[in-house]
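From first to last, the protein sequence lines are chains F and X. Numbering-wise (the numbering used here), the first sequence opens with residue 1 and increments by one. Numbering-wise (the numbering used here), the second sequence opens with residue 1 and increments by one.
Treat each hint with caution, since some may be false.
[Said to hold, decoys possible] Straight-line C-alpha distance at most 25 Å; calculated SDA-like pairs for lysine to any residue:
(1) X:K280 - F:D61
(2) X:K280 - F:T233
(3) X:K63 - F:P163
(4) X:K280 - F:L22
(5) X:K280 - F:R129
(6) X:K280 - F:A229
(7) X:K63 - X:G74
(8) X:K63 - F:T233
(9) X:K63 - X:D76
(10) X:K63 - X:F282
(11) X:K280 - F:Y136
(12) X:K280 - F:D133
What the hints contain is simulated information worked out from the structure, not anything from laboratory work.
Each chain, written out:
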Amino acid sequence: MRPRRPWLLTAGAALLTAAFLLPVYWMVNTSLTRPDRILAETSRWIPAPPTTENYTTALSDDALLRALLNSVVISCGVVALTLLLGAPLAYALARIRMRGSGTMVFALFIAQLPPSIVLAAPLFILERRAGIDDTYLGLIAADTTLTLPFAVIVLRPVLRSVPRELEEAALVDGCGPVGVLLRVVLPIMAPGLVAVSGLSFLIAWGEFVFGLTLVSEPAVQPVTVLLNAFVGTHGTAWGALMATATVISIPVVCVFAAFQRFIVGGLATGTVKG
Amino acid sequence: MRRGAGTTERGRRPPLLRPVSLATRRRRAGYLFSLPGLVFLALVLAYPLLYNVWTSVHDVHLKELLGGSSPFVGLDNYRTTLDDPDFWHAVRLSLVFTAGSLLFQFTIGFALALLFARPFPFNGLLRSLLLVAWLLPPVVSGTLFRWMLDQDAGAYNALLRAVGPDSLAHDWLIDPGTALAGVVFANVWVGVPFNMLLLLVGLHTIDPELHEAAALDGANAWQRFRWITVPLMRPVSVTVLLLGLVYTFKVFDIIFVMTGGGPVDATSVLSLYVYEIFFKFFRFGEGAAAGLLLLLVPLLAGAWYVRRLRGEGDAA
Chain F
1 MRPRRPWLLT AGAALLTAAF LLPVYWMVNT SLTRPDRILA ETSRWIPAPP
51 TTENYTTALS DDALLRALLN SVVISCGVVA LTLLLGAPLA YALARIRMRG
101 SGTMVFALFI AQLPPSIVLA APLFILERRA GIDDTYLGLI AADTTLTLPF
151 AVIVLRPVLR SVPRELEEAA LVDGCGPVGV LLRVVLPIMA PGLVAVSGLS
201 FLIAWGEFVF GLTLVSEPAV QPVTVLLNAF VGTHGTAWGA LMATATVISI
251 PVVCVFAAFQ RFIVGGLATG TVKG
Chain X
1 MRRGAGTTER GRRPPLLRPV SLATRRRRAG YLFSLPGLVF LALVLAYPLL
51 YNVWTSVHDV HLKELLGGSS PFVGLDNYRT TLDDPDFWHA VRLSLVFTAG
101 SLLFQFTIGF ALALLFARPF PFNGLLRSLL LVAWLLPPVV SGTLFRWMLD
151 QDAGAYNALL RAVGPDSLAH DWLIDPGTAL AGVVFANVWV GVPFNMLLLL
201 VGLHTIDPEL HEAAALDGAN AWQRFRWITV PLMRPVSVTV LLLGLVYTFK
251 VFDIIFVMTG GGPVDATSVL SLYVYEIFFK FFRFGEGAAA GLLLLLVPLL
301 AGAWYVRRLR GEGDAA
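Could you build the full structure based on these sequences and the hints that come with them?
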């Protein structure tokens, strides 16, 4: 029903959103406050005047830059691997009649259930035996177990909307199955692939359990693990800590802002309708 | 079937003449396309979980890992775990953490979904802003709430002091009596936007004419909510609560960053218990056993959900 006073609803919703996002505001606020004022008697609601001192402190640390670079490499690796394995698998499960399709979809659903820590334990032993502990590869492979099942479940309904005639026409025209996938199906599922890329990046960027357990070498450690170590050792250096947290959050907000439409749609499809 | 020219030249037959081979080719392509993904998941997901079962019935310590024997011990690791009072303490904490998180994130998420289901200017923008809370890396959220709940300089305590006596301010995460409430609070904050998003999708599937007809018949807002919205939202609500249960039961990062399981094990839920046994004490066998016990809850919930979906499919 059409509300009589829509602007009143806007005001209410804005107020609730602001109250809800207070922690995020506080993170940025603290990061811009002079370190000696942060623990001042009266809480400062506005950093007056704002300072970049905390950011200079945080970013002058080579370890942070290294960890940020590691997270970029790992997250991009996870996105690439997820698309590479997920797109053909989703296509096969959505469009091709195969023995065992039902079981595979069921297995992918189950694959989302194990807690990361339960998987991290055997992976720790196995990756060490295989000699890929403390490597990007080991971490990318572990993170992809989180994104791949989800990607297939998001992509399958998108693929089902591809008209079968299009594929058949291409096959009849002499295009092989791989050609059909590359030339006909991939362009149509582009929005789904964008959603999957965005979500996979966000999941990999925020991942912590595998980073904590499978990697001990700082040269490979993701930035989430570094932030946690930082909380432990510099527990009271809140300014630099909040600057670091803000820096880690910026890619998340950017990716979400850029892919928002696809991500929200993909999420809804993957979880409720899938 | 017409056998025309070109039958002797292998591989150059026009596909039109072989409709059967088209289906076969598609099926073969299907297996080929699924193979890489399935092999990957078998290697990195299924095999490690099975290996965990093997570890759970062997005596594996750091020493054995570096080259030595790991004798078969049967169910000893399970027995040790089930005899450990800390394990049951962790189970209790996990149950309280999950129940508390679900209760609050669902009710708050539902209330927000009802608000955002109505059309008003900037609806989409405000909704997206709320989602940011859910998208932040859990480690960032944990760090953030450590700071927000700090006794002296935390913003929440400043707010409490502003509205009431100074004694309202509290060192939430340092006091064993309130630390669990503190981590539940942070986890609810993280979970609310996701609950709202899914419940909003559900609300949009309700035909507005139902509400209009009921309003014409004289039903007030509460009656329309109670007798139209609530029953029609039941299937979506079950899905949201179940997903919430699976996600919340395995939460590790937020708690680990906020309290590390302390003070004095006040927030050491099952996932942190498994972490400690396995990665801190390197008691791999017991850690594997405890991990498989932790896996039970999401698996049971998942199995129940699939059965329920199948039931719905049959009815439709």
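> Does K280 of chain X pair with D133 of chain F here, judged by a C-alpha cut-off of 25 Å?
Replying inline: 17 Å, holds
> Does K63 of chain X pair with F282 of chain X here, judged by a C-alpha cut-off of 25 Å?
Replying inline: Judged against 25 Å, a Cα distance of about 9 Å means the pair holds.
> Has the given pair, K280 of chain X with D61 of chain F, been kept, meaning a C-alpha gap of at most 25 Å?
Replying inline: 28 Å, violated
> Between K280 of chain X and A229 of chain F, does the CA-CA distance stay at or below 25 Å?
Replying inline: At roughly 16 Å apart (the allowed maximum being 25 Å), A229 of chain F and K280 of chain X satisfy the hint.
>> With the threshold set at 25 Å, check whether the alpha-carbon distance from K280 of chain X to R129 of chain F stays at or below it.
In response: Holds, at roughly 19 Å.
> If you draw a straight line from the CA of K63 of chain X to the CA of P163 of chain F, is it 25 Å or shorter?
Replying inline: 59 Å, violated
> Given the hinted pair K63 of chain X and T233 of chain F, is their alpha-carbon gap at most 25 Å?
Replying inline: 30 Å, violated
>> Between the alpha carbons of K280 of chain X and L22 of chain F, is the straight-line distance 25 Å or under?
In response: Measuring from Cα to Cα gives roughly 35 Å; hence the hint is violated.
>> Hint check: K280 of chain X vs T233 of chain F, CA-CA at most 25 Å. Holds or violated?
In response: 18 Å, holds
>> For a C-alpha distance cap of 25 Å, please report whether K63 of chain X and G74 of chain X respect it.
In response: 20 Å, holds
> Is the straight-line distance between the alpha-carbon of K63 of chain X and that of D76 of chain X 25 Å or less?
Replying inline: Satisfied, since the Cα-Cα distance of roughly 19 Å is no more than 25 Å.
> Is it true that the CA of K280 of chain X sits at most 25 Å from the CA of Y136 of chain F?
Replying inline: 23 Å, holds
Hint check: violations occur at hints 1, 3, 4, 8; the rest are consistent with the structure.
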